[in-house]
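Peer 1: Let the hints inform the model, and build the full structure from the sequences given.
Going by the working numbering, the sequence shown opens with residue 3, and the numbers climb by one from there.
FYI, nobody ran anything at the bench for these hints, they're computed from the structure.
Any given hint might turn out to be false.
Stated by the list, open to error - Lysine to aspartate or glutamate pairs mimicking DMTMM-like chemistry, simulated, CA-CA at most 25 Å apart: (1) Lys36 <-> Glu24; (2) Lys77 <-> Glu91; (3) Lys45 <-> Glu22; (4) Lys77 <-> Asp6; (5) Lys77 <-> Glu22; (6) Lys45 <-> Glu100; (7) Lys54 <-> Glu75; (8) Lys36 <-> Glu16; (9) Lys54 <-> Glu91; (10) Lys77 <-> Asp101; (11) Lys36 <-> Glu14; (12) Lys28 <-> Asp6; (13) Lys54 <-> Asp101; (14) Lys45 <-> Glu66; (15) Lys54 <-> Asp19; (16) Lys28 <-> Glu14; (17) Lys28 <-> Glu12; (18) Lys74 <-> Glu22; (19) Lys36 <-> Glu22; (20) Lys28 <-> Glu100; (21) Lys28 <-> Glu91; (22) Lys45 <-> Glu75; (23) Lys99 <-> Glu14; (24) Lys54 <-> Asp6; (25) Lys99 <-> Glu24; (26) Lys36 <-> Glu66; (27) Lys45 <-> Asp6; (28) Lys77 <-> Glu100; (29) Lys36 <-> Glu76; (30) Lys28 <-> Asp101; (31) Lys45 <-> Glu12; (32) Lys45 <-> Glu24; (33) Lys54 <-> Glu16; (34) Lys99 <-> Glu33; (35) Lys74 <-> Asp6; (36) Lys99 <-> Glu12; (37) Lys45 <-> Glu33; (38) Lys45 <-> Asp72; (39) Lys74 <-> Glu91.
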Amino acid sequence: MLIDFNNMQEIEIEHLDGGEGEIPAKMFMNEYGKVIVSRIPPKCSIGLHSHKSSNDINFIVSGEGIAICDGKEEKLSAGVCHYCPYGHEHSIVNTGKEDLVLYTVVQNVVTE
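Peer 2: Here you go:
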């Protein structure tokens, strides 16, 4: 299946998970999860949140920032992949001077 972000409408998400600022994003969703491309502007963030029903995979395309996963700080830059598994918590902060661009795959977890 092809997901064409070039033909998707961009939305603005304010204070995502309690974070700072507005984050432009394009998102594909179905019952299995989400695939998202987003741009976190300088000094903006995705707030601290826990993954109670999904795994979260974030591939950094450009920019600089940090992820704080279970209290541990990880440096983010182009080519790095940050993974927050089911049952853990994280936040992402743009610490650079340019947008932090990332592709995110949210994989829903079935717990039966």
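Peer 1: Taking the hints in turn, state whether each one holds.
Peer 2: Against the structure, the hints come out as follows:
1. Lys36 <-> Glu24: holds, 19 Å
2. Lys77 <-> Glu91: holds, 16 Å
3. Lys45 <-> Glu22: With a Cα-Cα distance of about 7 Å, the restraint between Lys45 and Glu22 holds, given a limit of 25 Å.
4. Lys77 <-> Asp6: violated, 29 Å
5. Lys77 <-> Glu22: holds, 19 Å
6. Lys45 <-> Glu100: At roughly 10 Å apart (the allowed maximum being 25 Å), Glu100 and Lys45 satisfy the hint.
7. Lys54 <-> Glu75: holds, 21 Å
8. Lys36 <-> Glu16: holds, 18 Å
9. Lys54 <-> Glu91: Holds, at roughly 9 Å.
10. Lys77 <-> Asp101: Holds - the C-alpha atoms of Asp101 and Lys77 are around 15 Å apart, at most 25 Å.
11. Lys36 <-> Glu14: Holds. Lys36 to Glu14 sits at ~16 Å (cutoff 25 Å).
12. Lys28 <-> Asp6: The hint holds at about 10 Å.
13. Lys54 <-> Asp101: Violated, because 28 Å separates the two Cα atoms, which is more than 25 Å.
14. Lys45 <-> Glu66: Holds, at roughly 11 Å.
15. Lys54 <-> Asp19: holds, 14 Å
16. Lys28 <-> Glu14: This hinted pair holds, its Cα atoms lying about 9 Å apart.
17. Lys28 <-> Glu12: holds, 5 Å
18. Lys74 <-> Glu22: holds, 20 Å
19. Lys36 <-> Glu22: Roughly 22 Å separates the two Cα atoms, so the pair holds.
20. Lys28 <-> Glu100: holds, 19 Å
21. Lys28 <-> Glu91: Holds, at roughly 23 Å.
22. Lys45 <-> Glu75: holds, 16 Å
23. Lys99 <-> Glu14: Given pair Lys99, Glu14 holds - Cα atoms ~20 Å apart, limit 25 Å.
24. Lys54 <-> Asp6: Not satisfied, since the Cα-Cα distance of roughly 28 Å exceeds 25 Å.
25. Lys99 <-> Glu24: holds, 16 Å
26. Lys36 <-> Glu66: Answer holds: Lys36 to Glu66 is near 23 Å, not above 25 Å.
27. Lys45 <-> Asp6: violated, 28 Å
28. Lys77 <-> Glu100: Holds. Lys77 to Glu100 sits at ~15 Å (cutoff 25 Å).
29. Lys36 <-> Glu76: Holds, at about 23 Å.
30. Lys28 <-> Asp101: holds, 15 Å
31. Lys45 <-> Glu12: Satisfied, since the Cα-Cα distance of roughly 20 Å is no more than 25 Å.
32. Lys45 <-> Glu24: holds, 10 Å
33. Lys54 <-> Glu16: holds, 22 Å
34. Lys99 <-> Glu33: violated, 36 Å
35. Lys74 <-> Asp6: Roughly 34 Å separates the two Cα atoms, so the pair is violated.
36. Lys99 <-> Glu12: Judged against 25 Å, a Cα distance of about 22 Å means the pair holds.
37. Lys45 <-> Glu33: Measuring from Cα to Cα gives roughly 32 Å; hence the hint is violated.
38. Lys45 <-> Asp72: holds, 21 Å
39. Lys74 <-> Glu91: holds, 10 Å
Figure legend: structure checked against the earlier numbered hints; hints not met, in rising order: 4, 13, 24, 27, 34, 35 and 37.
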